[in-house]
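**Q** The chain contents come next:
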Amino acid sequence: MNVNSNASIIEVQDLTRVFGNFTAVDRISFEVRRGEIFGFLGANGAGKTTAIRMLTGLLIPTSGRAEVAGFDVFTHPESIKKNIGYMSQKFSLFNDLTVFENLRFYGGIYGLSTRDIRHKTDELLERLDLAGVRDRLIRDLPLGWKQKLAFSTAVIHEPAIVFLDEPTGGVDPITRRQFWDLMYETADRGTTVFVTTHYMDEAEYCDRVSIMVDGRIDALGTPAGLRKTYGAKNVDEVFVKLARGGSV
Amino acid sequence: MKAFWGFIKKEFLHIFRDRRTLLILFGMPLAQLLLFGYAVRNELNRADIAILDHSRDEVTREITGKLLSSGHFQLSAWLESEAEIEEVFQRGIARNVVVFESDFGRKLIREGRADVLIVTDASDPNMAQILEGYTANIIREYQQEWQMRNRMAMSGVGGMTSGAGGLAASGIIPEMRMLFNPELRSANLFVPGLIAFILMLVSAFLTSIAIAREKEMGTMEVLLVSPLDPRQIIAGKVLPYLVLSIVNVFTVLVVALVVFQVPFRGSVILFSLLSLLFIMTALALGLRISNAVRDQQTAMMMSLAGLLLPTILLSGFIFPISNMPVILQYLSHIVPAKWYLIIIRGIMLKGVGLEVLWMEALILLGMMSLLFVVSIKSFKIRLE
Amino acid sequence: MSVTVKNIVKNHGDIRALRGITFEVTEGELFGLIGPDGAGKTTLFHILTTLLLPDEGDAHVLGIDVIAGFRNLRRRIGYMPGRFSLYPDLSVEENLSFFATIFNTTVEENYHLIQDIYHQIEPFRKRRAGDLSGGMKQKLALSCALIHKPDILFLDEPTTGVDAVSRREFWDMLGRLRVSGLTILVSTPYMDEASRCDRVALMDRGEILSVNTPAGISREFGRPLYSVTSGRRYELLKALRACTHAHSVFTFGDEVHYTDLREDFRPEMLESYLQQLGFDDVRIEQITPGVEDTLISLMSTQDTRDPIGDDNHGHKEGTNDGYNPAIKDS
Chain E
1 MNVNSNASII EVQDLTRVFG NFTAVDRISF EVRRGEIFGF LGANGAGKTT
51 AIRMLTGLLI PTSGRAEVAG FDVFTHPESI KKNIGYMSQK FSLFNDLTVF
101 ENLRFYGGIY GLSTRDIRHK TDELLERLDL AGVRDRLIRD LPLGWKQKLA
151 FSTAVIHEPA IVFLDEPTGG VDPITRRQFW DLMYETADRG TTVFVTTHYM
201 DEAEYCDRVS IMVDGRIDAL GTPAGLRKTY GAKNVDEVFV KLARGGSV
Chain R
1 MKAFWGFIKK EFLHIFRDRR TLLILFGMPL AQLLLFGYAV RNELNRADIA
51 ILDHSRDEVT REITGKLLSS GHFQLSAWLE SEAEIEEVFQ RGIARNVVVF
101 ESDFGRKLIR EGRADVLIVT DASDPNMAQI LEGYTANIIR EYQQEWQMRN
151 RMAMSGVGGM TSGAGGLAAS GIIPEMRMLF NPELRSANLF VPGLIAFILM
201 LVSAFLTSIA IAREKEMGTM EVLLVSPLDP RQIIAGKVLP YLVLSIVNVF
251 TVLVVALVVF QVPFRGSVIL FSLLSLLFIM TALALGLRIS NAVRDQQTAM
301 MMSLAGLLLP TILLSGFIFP ISNMPVILQY LSHIVPAKWY LIIIRGIMLK
351 GVGLEVLWME ALILLGMMSL LFVVSIKSFK IRLE
Chain X
1 MSVTVKNIVK NHGDIRALRG ITFEVTEGEL FGLIGPDGAG KTTLFHILTT
51 LLLPDEGDAH VLGIDVIAGF RNLRRRIGYM PGRFSLYPDL SVEENLSFFA
101 TIFNTTVEEN YHLIQDIYHQ IEPFRKRRAG DLSGGMKQKL ALSCALIHKP
151 DILFLDEPTT GVDAVSRREF WDMLGRLRVS GLTILVSTPY MDEASRCDRV
201 ALMDRGEILS VNTPAGISRE FGRPLYSVTS GRRYELLKAL RACTHAHSVF
251 TFGDEVHYTD LREDFRPEML ESYLQQLGFD DVRIEQITPG VEDTLISLMS
301 TQDTRDPIGD DNHGHKEGTN DGYNPAIKDS
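As you go down the protein sequences, you meet chains E, R and X in turn. Per this note's numbering, the first sequence starts with residue 1, numbered consecutively. Per this note's numbering, the second sequence starts with residue 1, numbered consecutively. Per this note's numbering, the third sequence starts with residue 1, numbered consecutively.
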């Protein structure tokens, strides 16, 4: 991995993105620390997706500064892509390939050698207890398993950071918790987890959360800290207070 | 009824807001017309020609002279045998060979008929077609002169041979053969084929996609759970494309008549009525496809493979059906465009009416009725 | 009864989408179908809205048989499908007036029904529906489902993928509609929304696990439930799962919900266990179980499912697959 500083793995300063005369992201600044689970919350249309696209090197910002895994988003978006993992709510797995074929494909994309892929796949399936379905087509697997596999493919190359965009949408409450266990474990091994969710109870699982309203980050802190600052019972209330105050 | 008109209005809004649909609807037909039109309009100027004369008599000399003095051809080789033809083509010495059979002149005088073979290098198909046309024309002209000259002299025997249909049964029989790409048709025929293709495109292709889109977006669920009768949903989807198809046919027709001077010899009313019949057939096909699929992509693939390709390949639009393997000839019978093509070629180019085309019209009517019943029956009033 | 469902079974090929569903909804009730993806909520809604035929069983909506009387029923129900089901290329007002016309009415005639909801998006009435934000789309979809004055409303996962604020607003709107006497069936994967319903049916994998009021659902939990918190949450989770007496261990927000196998369990017992492991900031208190607690517990107890389609088969020890370590057989 390319980062030596163990302080912050994402550094964002006054990051802005303008589409025409619409400012989707308006001078946001924050840091994410290595090994942290960072919750990135916001209402629909608050600018989360735009912000994530900039951080993952998919979209060049209009102005500001941002470094992800030690690389500048303006000058080295390709290096960023090599050092991050990404999983969206829409599965990134191919339904008509087997579990192993999917892992091999993603491992190949990130330049792992065949031996590495084989080794990692076995280890991963062992750990997820999915060794029995190695040669099954993805489409035959239940939702919860797919979700876990999608997550595993996102971290197969041991990225510095993994970005998860609403990874638990529609999943049953038990699988949802299993998924969070996976995230804890990943963070425990040093990979930073950057996650968005609409389940407000999940916000409480994060080490720190930021809340975006109308393109700006209006609040940032530990769940406990935010509750205290806003005199709220939970993050949900904080969120509602901020979003109601901010938008139409 | 108000609900129905509301539906139609919505459908037109979809069409006029989607740039892709608009482009397919109005851009593509005109683009194709111009493409086809200009691609075949080449002028012929001193093309290389080779002669293989097995007869070497007065008549063949006269014909050869006429060919070479026309300004369209220049002689590049005298051939001795058929075996040389391919070589001439391959080396590019000539693109057109005229072969006179032996005893050409004597046969023409004694039997009233003689065979001349026009061989063209069709690796450049348009060129080959033009060469063939020019050569055949010059030979025909000569033949008419020859018949005039000999009518009096041969009046004793010629009573039968100089009749109205004499050209086909007697005289010089120009037989044409294209090497390397034999399936070429006369330039004038592409407009009817194009009309059939455009109707298939607009009526079947776009309709099937429009319905599949409602399914894909989930709006079909809401439409089904409404007081709209399923027949109204079908009609509402189909009617706008029917109107647009008719607009399209006449646009293409007018452009073809004005810009390319394509002849229109028959009845416009009959043309319109039978075109309507074909449009309905196409709409029914589009409907049938959309009933079978869930998303736009499948609808597109199915209409492309199942409707558009057969319309181009199996209808006689580009490849003459008589040249096809027997099995494809049978297959072409179920392609509605084949019958429609016979009909509109008949109306436009030959000026014939129902007295000749009644069978094709009946077949189309039968197909349309059958397909419509099947399509409406297969329309699902539920999700499965 | 507004809805009567008896023993509905529906298979999609090999998948048993509904395995014998029975419940009733009374007039004027706000009834929630709560369960994760794959529970069968959408299939059930399709059957009740006459879009699918059940394989077995029968269902009546507004006293009308959903099979025999489907024509009649279609005039009287309002339905908002799970996916965004408006025309993205039509403007807000074009969508609304289209749905009004196909139900043989006009926006003006029934404006009072949607006024409360529609006025929030009216400033954007010229905007294409596809360009609306998630919350606004949903308000427009609800307006379109209400414009023909339906006698019963079916809303399939209206709040999925919508942010927490818009979700709240949406439920506030449903609350006001309920006051007007409209019967509403709504499905959702969000457990916290159960408390907004009069009664809920908990669904999982084609079955109804329980039908009750939100308070009644909590009472079904059956064991004393404890909330355990500590600053070191992940370590706490692992420690609790390692405890031999643990019955269930699940994270809930910043808390861990815990039940114990012992009859004579007292919180102090757990506290001392954790203290031995070095947790000095532990707080333990008994709490009232929520709907999600109950659903998890019901899902775990009725767990004799077919091997595939089953998330928790043959798990080994390990911390990453919460199921087995989280719940032990009692």
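Treat the hints with care, as some may be off.
Stated by the list, open to error - Within a straight-line C-alpha distance of at most 30 Å, the following computed DSBU-like cross-link-like pairs (lysine-lysine) qualify:
#, chain 1, residue 1, chain 2, residue 2
1, R, Lys215, R, Lys380
2, R, Lys2, R, Lys350
3, R, Lys215, X, Lys238
4, R, Lys9, X, Lys149
5, R, Lys9, X, Lys126
6, E, Lys228, X, Lys238
7, E, Lys233, X, Lys238
8, R, Lys380, X, Lys149
Just so you know, these hints were derived from the structure itself, not from any lab.
**Q** Please go over all the hints and tell whether each is borne out by the structure.
**A** So, going through the hints one by one against the coordinates:
1. Lys215/R <-> Lys380/R: Cα-Cα ~11 Å, so holds.
2. Lys2/R <-> Lys350/R: violated (45 Å)
3. Lys215/R <-> Lys238/X: violated (48 Å)
4. Lys9/R <-> Lys149/X: holds (23 Å)
5. Lys9/R <-> Lys126/X: Holds - the C-alpha atoms of Lys126/X and Lys9/R are around 17 Å apart, at most 30 Å.
6. Lys228/E <-> Lys238/X: Holds, because 27 Å separates the two Cα atoms, which is no more than 30 Å.
7. Lys233/E <-> Lys238/X: holds (26 Å)
8. Lys380/R <-> Lys149/X: Given that 30 Å is the threshold and the Cα spacing comes to 26 Å, the pair holds.
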